Amino acid sequence: MTEQAIEQHHRLERDILAAMSRPTGWYWVALGVSIAAFLMGMGLWLYMILTGMGVAGINNPVGWGVFIVDFVFWVGIAHSGTLISAVLFLFRARFRSRFNRAAEAMTIFAVMTAGLFPLIHLGRVWFAYWLFPYPNNHLIWPNFKSPLVWDVFAVSTYLTVSAVFWYVGLIPDLAIARRHAKNKIQMWAYRVFSLGWVGSVQQWKHYNKLYGLLACFATPLVVSVHSVVSWDFAMSVIPGWHTTIFAPYFVAGAILSGCAMVITLMVPMRKIFRLEEIITVKHFEGIAQMLLLTSLIVTYSYIVEYAIAFYSGNTYEISHFVYRLLGAEEPGHYRYAYWVMVACNSVIPLLLFFRKVRTSIPALFVMSLFVNVGMWLERFIIIVTSLARDFDPYAWGLYKPSFVEVGITIGSFGLFFTLFLLFCKTLPVLAITEIKEEYT
Amino acid sequence: MLKRLGAWAVYAYFALFLAIIVALGSYWNYLYATPEQPIAFPHKTHVQVVNLKCDNCHLYTDKGRQAGIPSVQKCMECHQAVKTESPEIQKLTKYWEENREIEWAQIHKVPEYVYFSHKRHVTKGIPCETCHGQIGYEMVVHKAKSLSMGFCVTCHRQNNAPVDCYTCHK
Amino acid sequence: MNRRDFLKAVGVVSGGAVVAGCEPKKGTYKAIAPLFPLPEGRAPGEPYYIRTTCTECPAGCGVTVRVIDGVPIKLEGTPGHPVNDGSLCVRGQAGITRLYNPRRIQKPMRRKGADGWEEIEWEQAYGDIIAAVKRSRQEGKKNLYLSGRTSGMLGRLIDEFCQKTGFERLPEYEVFDYATLRRANELVFSIREVPSYNIAASDFLLTIGADVLQTFGSPVSQQKQIARAKRENGLKWVHAEPHVSLEGLQAHRRVALKPGSEPHLLSYLLAAYGKSVPGAPAADAPSVSRATGVSEDVLRDLAQQLRAAARPLVIAGGVSLAGENGLATAVLCAQLQSAGGMLTRLDFSRSLEMGRVGTLKDLQALSERLEKGQGGVLFIARTDPAGTAPEAMRFAEKMEKASYRVAFADAISATTEKCDLVLPLSHALESAGDEVPRKGLRGLVQPVIEKQLHDTKTEGDILLDLLDEMTAEREFRSFAAFLKQQWREAYGPGYEPQFSETGYREASAKPALPAARPVPPEVLKTAALPEGPTLVLTPSVRYFDGRSRNLKLLNEIPDPLTTITYGEWVSVSEEDARDLKLRDGDELEIAADSWTRVLPAKIQKHLPSGVMMVDRGVAGACPTKVDPATGGEIVWLTGVRVRRTGGAVKLPVMSGSPSQHGRGIIPDPVHLKKKGDGHDGDHEKGHGEGHHNLTLYPEQEYKDYRWAMAIDLDACNACGACVAACYVENNIGMTGRDQHLRGREMSWIRIEPFYDREDGADFLPMLCQQCDAAPCEAVCPVFATYHNPEGLNAQIYNRCVGTRYCANNCPYKVRRFNWFDYRPRRDPQLRQPHGDFTDSIEMPMDWVSNPLVSLRKRGVMEKCTFCVQRIREARDHAKDKGRKIEEGEVIPACAQTCPSEAIIFGNSLDPDSRVAKIIHQGTHRVFEELGTRPAVHYVNGPIPDAHFKDSERGEA
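For the record, the sequence lines run as chains Y, D and V.
Residue numbering for the first sequence follows my numbering, starting at 1 and increasing by one per position.
Residue numbering for the second sequence follows my numbering, starting at 1 and increasing by one per position.
Residue numbering for the third sequence follows my numbering, starting at 1 and increasing by one per position.
Chain Y on its own, in the form it takes in the complex (with noise of 0.2 Å):
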């Protein structure tokens, strides 16, 4: 190894543990606002269990509301993490390297937020527990007929693997960060967690063939959780719900909300802790084509969705299609937040396909923010017209979110970006080792 590449290792490490260095002011204000939010989700939480879910807007006919959006959306967000660590580490997409850390810890983060929804949306929370297979005095196990058990299973098994996943992608890093630990306990605590690794051939042999494992394990699970998720809706009889290409368009949407989440994230990153000669444009740039891409597809599944309805020549579907694109006289209806949808989602970011937007940084944090939006949407949207227009006239009804809903969101958000922002400060935010590698 020549003398500058290893003065460029060590520049290297400096720069990205520079990011573990004392936090600014600023730091520590984020940090409030998104504990404050996540104690105030927490609370209104805490004050719905105690007089009941009739203090959220959901009502017969719509059951289900911003809860399960929310589910649905941080189950979204947290793909991009495994797809962009496993999958593209199977390709060997460069860019990957870059991303592959904050995206698999946003991923670990997001799940453990969605994992709550479900909670929070039970009417009787305290007897969760039913719905895990255990030995029980009643002689009775779940259902397992029902999505929402395999749900369980889904979400549980995604968590563990990419969080086993993550870590087994630290330990190198953390070996590194305990060479550089300037206290007693953050030596102790990473000496503890690096395993004792220092890098001998052996280890590096050992780690790759596990991590090349875990990658090939973790792959598959890209495509199933979010399969699993899109089954809750097309395994029933809805119209808006009961339909075949749920399970790849919620792959798809999924993904698409991913990767924006990580731009949404890394921009900032990248700018407050100066990575932006290690995370360069080109880098970015990846992470735009694939927005465009999965864009497109989510976009096709928004037709396909129409062609099926009005193909199936099924009444209940189209009319429910119909009203989807253009709600009822009276007010109230959920039309705007359909074209919304479809100009955040598709529309927008077609500008992708000029490469000025996207290698422009800015344009792309912009964009990112608006995928947000729109996927956000479009949960709502196929969870919430659908229920409000069903089978029976009669029976059709609206549905407003009440603030105790809205607080919950807010509070999602909230533990979301604490679990982030503590992560930042505590460990290595890129993968050195693998950005090394890219330097020899």
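Hints are computed from structural coordinates only; laboratory data are not their basis.
Mixed in with the good hints there might be a few duds.
Here are the in silico distance ranges between beta carbons for each label pair [said to hold, decoys possible]: (1) ILE245(Y) / GLY882(V): 51 to 59 Å; (2) ALA9(D) / VAL201(Y): 54 to 62 Å; (3) PRO220(Y) / SER146(D): 38 to 46 Å; (4) PHE413(Y) / LYS25(V): 39 to 47 Å; (5) LYS581(V) / ARG335(Y): 47 to 55 Å; (6) ILE245(Y) / GLY45(V): 52 to 60 Å; (7) GLU112(D) / GLU450(V): 17 to 25 Å; (8) ARG335(Y) / GLU701(V): 43 to 51 Å; (9) ILE20(D) / ARG335(Y): 52 to 60 Å; (10) ILE245(Y) / LYS581(V): 37 to 45 Å.
If you're wondering where the values come from, they're calculated on a predicted model, not measured in any experiment.
Here a beta-carbon is modelled for each residue, glycine too, at the ideal position from N, C-alpha and C.
Go by the hints and put chains D and V onto chain Y.
Positioned in the frame of chain Y, the structure of chains D and V alone reads:
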């Protein structure tokens, strides 16, 4: 250093759990303490000594869902004369004279959402002891069987009794 | 610390974790030992039945009260009763909630200060009254006794009281006093009465404005008769009306008239019989058509049908007799009845018992006397003139001129507000008495609840006490004793067993044919209604004349036409709405001379333009006029001024859409024929293997029972009785206005109106369809809902964790979620005597709870179970007898009460069961194309062997 720290952590962890267990234990005792009855009624004396059958006093075991607590009058039929000197019986007579109903603390209770018919079980010839234990030998009534869902379902399964949820859940 | 210690510790921990168990402390529940053993044949917690009579309206239906441990929990019609034969209407079903109504007055109340009240003891109350009587005697004022319709022996006691204490008994005041109809019958038949109409015997029924399903005459009896006549005589029913009503939409054909044009129609029909009445309006088709707005073809067709019918019947009543031309209409109708040979179906020997019910003229006279200050002590019993009398009469102010006012009432009303003393009356279920609904029929009223809820008395007992105090003579220990003596006089000794067994006593009466005689032409003078918007007060199926307004349950149940639950509204025609640019809920200011009222508008299809409707029950005192000819009330407010205030309120409209959007929810004849042709084996069994029902899942297999239901949409009148019955039977929470606005009603069965037909509407009772392939079952993660071996979609409340997936996935949207704790619970805060309804259930409403059905907690899903508790009860009986459950032993609450026997329930595996037969005929199932295979079958009548008596359960 790691060793010591780790050990401490582990011990603390288990200490916590031990604390919880102790707490639960005391809660448990509180929960299942035999409650104070308004009158210390000895089933044993009535069954073993006087040789009363259950349905001599619990009149409705084969007539309805509830077995029926004997009316104060029923008690007085005998206790006008019998054992009038005992303080407990005097309590009883007091109730009778003041036309007050006795509020026994209920030991065997199924939840509000459960439908249970004594008639159905008694007419099938299921002995009282199956659910009430050796109540005839007890000076103080206590809950011998869990009467939990598992308890019922197991027995129903063994005797090919219906196990459709609607059999018991209303 | 080494591995072993670790494992040990782990062992201990997991051991401890198992301990966690939580249930209420042992012995916290109390088992009460009663003082005395129960009477023979009763067991604790086992229901028993007591006969009595419904006092919600003058119809006096026979009621069998289901009582458990001395607490009445459900009212059901008495099978075989001459009036209602097993059925009750929506008000009758809700009657039990009047007993537990939180708005009941619970103690005598004395006015304190301007608008304050103080609770006092009875003795004080009596003292005050006696003092007041003395004073008014000194002042030489007349003491007056005004009461609502009084029938039975109470009347005699009041007479006795009045003549012993020098009170003057005034003609009784009743909002629905049939003044015009009675006057007309007096003129034509010289009988001033309302006959009972023998619809059952007729094959063609023409009702003109008469709300025979809601308040007119004896609604339950009429509904039953119509349904049975449809089945047996193939009755065709035509309803002519100047507005739109449930009758119009339910009749086979609706004829829309111009308001006040009824006489023209009638004289046309009379002419069809070759009879012309001097003074009657012109009878030639063109002018009649012009006057009524009915096309000549329709007129001709109508006349032709009437003539063709073997046993036709024409009934005029309701709003048609409450207009300027009311008397003319009534008289001509009477003439037509005699001309058409319908008199055999007018039974004056069984005519409604109107007691001493006077007319508004009498009330007018009273208010004038009060005006002059002649009134001394004024008793007002069981009636609310201040709240219901024509607003122009200003009765409320005038009654204040009486020197002392005493109200006998069960709840606060406009009248009691104006009184110095309010004496709380016991509910019928707490009191002894009798009720004479019609001539020759006496219904028994006996106390059912073991001990009174509040410190109340029956009117009879109060009068006896007063007699005792005032004349110091006491013949009778109690009113009950008085009654016994009277009855013995009436029926001789030994009447008692039969009386209390059946709950009624009927004297055999021989119908005397009335003879029609010509009437002076001047009574037939008709005046065309002035142009411009008209407001009409319509009788209320839920609130009768407003007396039931304060029953929360009746507010919880939607109005059949508009599906509005709580609150007030004015129905506006589509045209007017277009002209005024109205949306549902926009506020209208309606003004007639001095009177104005702001009401939210509801657009009502089929309502003729220019006509607006306000439900009588919510209208209160309106500027109605008194018909000088008859003393009847004129409920047509002509020339009212209407303008938009610009404000708008949210109306609790339960229906999401007035149209079924061509989704085939309502079976049309074509649809039925297609299904009937037997091409798909669907109807051979309760569940189909039709080609459109191919499935990968195994068929449901049933051993002994598959519970199924058939509903005859032709018979169903959308009266809502089933809904009320369901609420009471199944402890369904009443959620209140606010929750209804959020779409959180809890009704397990609902009646869906669809206004798709040009000339009317279709109504469909929707309840859990108990599907064979139920979408709800597969998705429940914890088996809280599952398919039970007898075909029910069981819902185990205490297993439910509240994912609400089942409700989402239910195509019929019949599952209800407990958003809050709607369980009956004690809440002293909510016990104000009146005021708006709060959202939680108020004490002592928590008494109305069926112990055989569990109370659902917050956060669980609930739904119709086909009254599984009744199935369980029937099975219990059957097992005692060692046999299977037999046909007719299980009858869900909805089917039990249905006045037109439109709901048939049974075991579809039993080929002889009625339901199986009907299914075999070919039926319609809602959304069958989804492959849900519902067990609820809809047919458009007629149903084979419709007559079937209630099971033994009734007589138990």
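- request: Evaluate the given range 39 to 47 Å for the C-beta pair formed by PHE413(Y) and LYS25(V).
  value: Since the Cβ atoms of PHE413(Y) and LYS25(V) sit about 43 Å apart, the hinted range of 39 to 47 Å holds.
message: Quick check on a hinted range of 38 to 46 Å for PRO220(Y) and SER146(D), using CB atoms only.
response: This hint holds: roughly 45 Å between Cβ atoms.
message: Holds or violated: the 52 to 60 Å window for the beta-carbon distance between ILE20(D) and ARG335(Y)?
response: holds, 55 Å
query: Does the Cβ distance between ILE245(Y) and LYS581(V) fall inside 37 to 45 Å?
result: For LYS581(V) against ILE245(Y), whose Cβ atoms are near 44 Å apart, the range 37 to 45 Å holds.
- prompt: Quick one: are ARG335(Y) and GLU701(V) within 43 to 51 Å, going by C-beta?
  reply: 47 Å Cβ-Cβ, so the 43 to 51 Å window holds.
- request: May I ask you to test the hint 17 to 25 Å on the CB atoms belonging to GLU112(D) and GLU450(V)?
  value: holds, 22 Å
task: Go ahead and decide if the range 52 to 60 Å is satisfied by the Cβ distance of ILE245(Y) to GLY45(V).
output: Holds, since ILE245(Y) and GLY45(V) (Cβ atoms, about 56 Å apart) stay within the stated range.
task: For ALA9(D) and VAL201(Y), compare the CB-CB distance with the range 54 to 62 Å and indicate the outcome.
output: violated, 34 Å
task: For LYS581(V) and ARG335(Y), compare the CB-CB distance with the range 47 to 55 Å and indicate the outcome.
output: Since the Cβ atoms of LYS581(V) and ARG335(Y) sit about 23 Å apart, the hinted range of 47 to 55 Å is violated.
field: Range hint 51 to 59 Å (beta carbons of ILE245(Y) and GLY882(V)) holds or violated
entry: At 58 Å between Cβs, range holds.
When each numbered hint is compared with the structure, violations occur for hints 2 and 5.
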